[in-house]
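The residues making up each chain are set out below.
There are 2 protein chains.
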Amino acid sequence: MSKPSVVLHPNLPPGVREHLEAHPGIAALSPSDSAGVAAALSDGGEVLVTHTWDSAFLTPSLRWIAGTGAGFEQYPLAGFDAQGVVLTTAAGVHTDCVAEHAFALLLALTRRIGEAARNMERARWEPLIGEELVGKKLAVIGLGRIGDAIARRAQAWGMTVAGLKRNPAGYAGPVADVRGTDRLAETCAWADIVVLASPARPDGRPVIGARELEALGPGWIVNVGRGSLIDEPALIGALSTGRLRGAGLDVTATEPLPADSPLWRDPKVVISAHNGGASPGFGKRWGVLFDQNLAAFAGAGSWINRLGQDIPRGT
Amino acid sequence: MSKPSVVLHPNLPPGVREHLEAHPGIAALSPSDSAGVAAALSDGGEVLVTHTWDSAFLTPSLRWIAGTGAGFEQYPLAGFDAQGVVLTTAAGVHTDCVAEHAFALLLALTRRIGEAARNMERARWEPLIGEELVGKKLAVIGLGRIGDAIARRAQAWGMTVAGLKRNPAGYAGPVADVRGTDRLAETCAWADIVVLASPARPDGRPVIGARELEALGPGWIVNVGRGSLIDEPALIGALSTGRLRGAGLDVTATEPLPADSPLWRDPKVVISAHNGGASPGFGKRWGVLFDQNLAAFAGAGSWINRLGQDIPRGT
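Protein sequence lines correspond, in order, to chains D and B. 0 is the number of the first residue of the first sequence in numbering that gives the first Met the number 0; add one for each residue after it. 0 is the number of the first residue of the second sequence in numbering that gives the first Met the number 0; add one for each residue after it.
Just so you know, these hints were derived from the structure itself, not from any lab. Each hint should be verified, as a subset may be incorrect.
[Unchecked claim] In silico DSSO-like cross-links for lysine-lysine, where the CA-CA straight-line distance does not exceed 27 angstroms:
id	chain 1	residue 1	chain 2	residue 2
1	D	K283	D	K2
2	D	K283	B	K135
3	B	K136	D	K283
4	B	K135	B	K267
5	D	K267	D	K136
6	D	K267	D	K135
7	B	K267	D	K283
8	D	K267	B	K283
9	D	K267	B	K267
10	B	K267	B	K136
11	B	K283	D	K135
12	B	K2	B	K283
13	D	K136	B	K283
[Said to hold, decoys possible] Partial selection, computed: residues in chain D whose CB lies under 10 angstroms from chain B:
id	residue
14	P126
15	G216
16	S260
17	A272
[To be verified] Using C-beta positions, here's what the derived DEER-type ranges look like:
id	chain 1	residue 1	chain 2	residue 2	range
18	D	D259	B	G35	47 to 53 angstroms
19	B	D53	D	A122	22 to 28 angstroms
20	D	S239	B	E125	24 to 30 angstroms
21	B	K283	D	A122	32 to 38 angstroms
22	B	K283	D	S239	42 to 48 angstroms
23	D	A188	B	A26	40 to 46 angstroms
We put the beta carbon where it would ideally sit given N, CA and C, even for glycine.
If we strip away everything but chain D, and leave its shape as in the complex, we get (with noise of 0.2 angstroms):
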């Protein structure tokens, strides 16, 4: 048998080109540009390695997706069930390092570094009163495994901990106090933390807007999950005219995010640039999941992470 041609977009995660590029069992294809991936592809390319979408990948020898990243919105799902497309996700790859992420952005704010760190450029020493997680109440919007993995630390650091999760009902995880979507509001107004670690909804509305906000009332935000999750323009009220005390946002609802955008200058905000999944790690982990998945493809072994199977389509 002849080795599976695998392009890989260019645009990839650390360590997953170093990975695929000296791959044994593969015949590896590294395009410089989008036009060189559909090309690739349209020349026999049978798995495509990529976070990143456009229609002219999907081309009839398409057979499997193994993607760089947990969320799956970007897919033309019905697209890839026409043609018997086996999409997998990399979701557990970066749990442990966007929970962390998750507290850095929170941390930012509560103790914060934000702001002293802006103060770096003009060597300015700032007294500044922080606040304390120890005792707080943090809602976690999204119980999967990012959502699992912030609760479980700050649980262990004194907070307490409630999720939000569309089906209840089966959860198994560090979370006692699991509750339906339908009391979100209700969540929000107890909370003096909110965390955002789900994926997009399907349409595309956001679960956090003005009600949610006013509820939330003297709290923090931060947002790991995708940044169509927050209502921006709402946000952007809450922080001027509201009492939000704080925001970090390591996604926001267009990125790069526009530079006129007022959450920019806002010392009560902090952005990271999607970089919550980074990390020199990722390679590795990453590999050791598409070596396992290579092996399915070959028609030996089982897949893990196959979008329909081991990850729902709905969460």
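Put chain B on the given structure of chain D with help from the hints.
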């Protein structure tokens, strides 16, 4: 019995002044500057609430210093002994707060939030590959209350922790791997991350110098103890020409850090202005401590955090 005359230093942590000025059991005096403090103490003041010391404060009427900090290196202990002045510290009051601050600085380095925050001024959306704490080796220098609180948080997040202590014998905290200070260099070589959480040495000499930074190699260092614990020129050298990956400093050799220090301009550095213990919860917790000590001062009940009794003079 008349109410004790309590002199409040003008520079106090949040909530302390409010607690004392509303206190029915004391006669609170609030001078506006250091000279006023000395005058009030020369005029019969018995109790001084302060973290800042000036030799003019040691008057014949002074009987009790109710300290608002955990350290005591600034005080003339022999002078206090000579006239029977009691010193109580605020040890324990900001334990959780400082432990969280240490992680805020550490995560700002490993998740590159310090750089991301500085990018905000230029509306710059920059991919930054961070690191993960899980699985990393953390050396805590100083296993007092704060060091223990840092160790507990690290253990709960999947880090391996070793601690350095002058007298490992009799230690009963959360760290199993406790080493004597004679194993400092070896411990720096072992560690990925060094966190300093000890008081200053009595002689003011640094614990971490060029040799220890060389041993640490491509790691991170965080200081929430005292600025004198790190040889600052050696730190600057390790950042500019060595392998050190980052430094998070809540304390510096000279405070405020001079504007011409290269530490202000290094992207691998995050500096906060000795804010580790600052939280709105401070005053309330300190007030509980003060009230019990006020009873002890009046002869009813026992002292808490009294130096030489509950708090050892050497650590």
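We went through each hint and held it up to the structure:
1. D:K283 - D:K2: holds, 21 angstroms
2. D:K283 - B:K135: Since the Cα atoms of D:K283 and B:K135 sit roughly 16 angstroms apart, the hinted pair holds (cutoff 27 angstroms).
3. B:K136 - D:K283: OK: B:K136 and D:K283 at ~20 angstroms, within 27 angstroms.
4. B:K135 - B:K267: Cα-Cα ~19 angstroms, so holds.
5. D:K267 - D:K136: At roughly 20 angstroms apart (the allowed maximum being 27 angstroms), D:K136 and D:K267 satisfy the hint.
6. D:K267 - D:K135: holds, 19 angstroms
7. B:K267 - D:K283: holds, 25 angstroms
8. D:K267 - B:K283: holds, 25 angstroms
9. D:K267 - B:K267: Measuring from Cα to Cα gives roughly 22 angstroms; hence the hint holds.
10. B:K267 - B:K136: Status holds; Cα separation ~20 angstroms.
11. B:K283 - D:K135: holds, 16 angstroms
12. B:K2 - B:K283: holds, 21 angstroms
13. D:K136 - B:K283: holds, 20 angstroms
14. P126: The hint holds - D:P126 has a Cβ within 10 angstroms of chain B, the shortest such distance being about 6 angstroms.
15. G216: violated, 16 angstroms
16. S260: Cβ of D:S260 sits 8 angstroms from chain B, so the hint holds.
17. A272: Since the shortest Cβ distance to chain B is 4 angstroms, the answer is holds.
18. D:D259 - B:G35: 47 to 53 angstroms: holds, 50 angstroms
19. B:D53 - D:A122: 22 to 28 angstroms: holds, 27 angstroms
20. D:S239 - B:E125: 24 to 30 angstroms: Since D:S239 and B:E125 have Cβ atoms about 25 angstroms apart, the given range 24 to 30 angstroms holds.
21. B:K283 - D:A122: 32 to 38 angstroms: Holds, since B:K283 and D:A122 (Cβ atoms, about 34 angstroms apart) stay within the stated range.
22. B:K283 - D:S239: 42 to 48 angstroms: Since B:K283 and D:S239 have Cβ atoms about 31 angstroms apart, the given range 42 to 48 angstroms is violated.
23. D:A188 - B:A26: 40 to 46 angstroms: holds, 43 angstroms
The structure shown violates the earlier hints numbered 15 and 22.
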